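Participant: Protein sequence lines correspond, in order, to chains A and B. Residue numbering for the first sequence follows full-length UniProt numbering, starting at 1 and increasing by one per position. Residue numbering for the second sequence follows full-length UniProt numbering, starting at 1 and increasing by one per position.
These aren't lab readings, by the way, just hints derived from the structure by calculation. Predicted model, so just to flag it, every value in this text is computed and none were measured. Mixed in with the good hints there might be a few duds.
What the hints assert, rightly or not - Label-pair distances were calculated between CB atoms; the ranges are:
1) I164(A) to M8(B): 40 to 46 Å
2) F76(A) to G22(B): 48 to 54 Å
3) I210(A) to G22(B): 28 to 34 Å
4) F76(B) to I164(A): 35 to 41 Å
5) R41(B) to V47(A): 41 to 47 Å
6) V70(B) to K21(A): 32 to 38 Å
7) A166(A) to F59(B): 17 to 23 Å
8) R41(B) to K143(A): 35 to 41 Å
9) V154(A) to G3(B): 47 to 53 Å
10) S155(A) to I19(B): 35 to 41 Å
11) F141(A) to M8(B): 25 to 31 Å
12) F59(B) to I164(A): 17 to 23 Å
13) M8(B) to L139(A): 47 to 53 Å
A virtual CB, placed ideally from N, CA and C, is assigned to each residue, including glycine.
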Amino acid sequence: MAEAESSTGFNIHPMDQFQIKPLFGAGEIHWYTPTNVTLWMLIAVVVATVLLVIGTRGRAVIPSRSQSVAEMMYGFVYKMVEDVTGKEGLKYFPYIFTLFIFILLANFLGLIPGSFTTTSHIAVTAVLAMGVFLGVTILGFVKNGTKFLGLFWVSSAPLALRPILAVIELISYFVRPVSHSIRLAGNVMAGHAVIKVFAGFAGALGVFSIFPIISITAVYGLEVLVAAIQAYVFTILTCVYLNDALHPSH
Amino acid sequence: MEGNIAEMGQFIGAGLACIGMGGAGIGVGTVAGNFLSGALRNPAAAGAQTATLFIGIAFAEALGIFSFLVALLLMFAV
């Protein structure tokens, strides 16, 4: 692979930016090794904590800038949870808000040049999605008992169709964590890879590299949008799944 | 023009997988276009439906991401 690419004159390695490296030394990576992934996850958590603690410390009637940001994010997610899941879902608001803030900050911090995007790894997003999937499934059975299985038995459909629909519903239920995690990781990874490909063009074109640089600027703007939208989409799908668990009737 | 046939298949397969992104483009365009045409007819009801819009776009887009993933797997993982 590497020989084929270097022979064309372009030096494009769009996937190199996603390599996981240990922070200290170059040894083997174990589960406890501090790597660039853990570093940037830690930074995301610290930034979220600092932002919300400082933002809510003042409690001014006329909010300062940090307080407005904290209040807007809180209000936005609160309204989303209330709209999608109803009053019963508000009990799970802290978890959903935590997910939203973590993914949003991980996406945004990953856009800083030279940083590392933790959400571009399927391993990271899969853990988040599996947490949602397992939590929602267990919650559904705890809250509704066997009535939760009514989610798969579409009672509004004709009786002959119901077994077929049940199979389809069952498959689509178990694909949820897969699509939930790959959507976030794929979007983030694709955007960063596109930027890197354009950067490779810019290195090879000499004077004309102004065109790839303009494109990078445009794609970067799009990526800022995508980072926010994907955090929103992940959160709202969590709300939708939670709503299914709380009100499983079809 | 040298190289083994497996590598050729990799590149052809990765290129073919990108066709799937066109399908995602059609899907996202349909969702957003229909939302807009509905929203312009009844702007008062549009604001409450933006969440539905984004869910629809996310579902349509996921399939394009899957094809992108297949292309990436063929290029870098096979």
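Participant: Indicate, hint by hint, whether the structure satisfies it.
Facilitator: Checked hints:
With their beta carbons about 41 Å apart, I164(A) and M8(B) fall inside the hinted range of 40 to 46 Å. Checked against the given bound of 48 to 54 Å, the beta carbons of F76(A) and G22(B), roughly 33 Å apart, lie outside it. Evaluation of the 28 to 34 Å hint for I210(A) and G22(B) yields a pass: the beta carbon distance comes to about 30 Å. For F76(B) and I164(A), the Cβ-Cβ distance of about 38 Å falls inside the hinted range of 35 to 41 Å, so the restraint holds.
Under the hint 41 to 47 Å, the C-beta atoms of R41(B) and V47(A), about 43 Å apart, fit the expected range. Judged by the Cβ atoms, the range 32 to 38 Å given for V70(B) and K21(A) is violated: they are separated by roughly 27 Å. Between A166(A) and F59(B) the CB atoms are about 20 Å apart, so this pair conforms to the stated range of 17 to 23 Å. For the hinted restraint 35 to 41 Å between R41(B) and K143(A), the CB-CB distance of approximately 39 Å keeps it satisfied.
Between V154(A) and G3(B) the C-beta distance comes to about 52 Å, which sits within the given range of 47 to 53 Å. The beta-carbon spacing between S155(A) and I19(B), approximately 39 Å, falls within the hinted interval of 35 to 41 Å. At roughly 50 Å, the beta-carbon separation of F141(A) and M8(B) lies outside the given 25 to 31 Å, and the hint is violated. With their beta carbons about 21 Å apart, F59(B) and I164(A) fall inside the hinted range of 17 to 23 Å.
Taking 47 to 53 Å as the suggested C-beta distance range, the pair M8(B) and L139(A) conforms, at roughly 50 Å.
In this structure, the hints that do not hold are numbers 2, 6, 11, in rising order.
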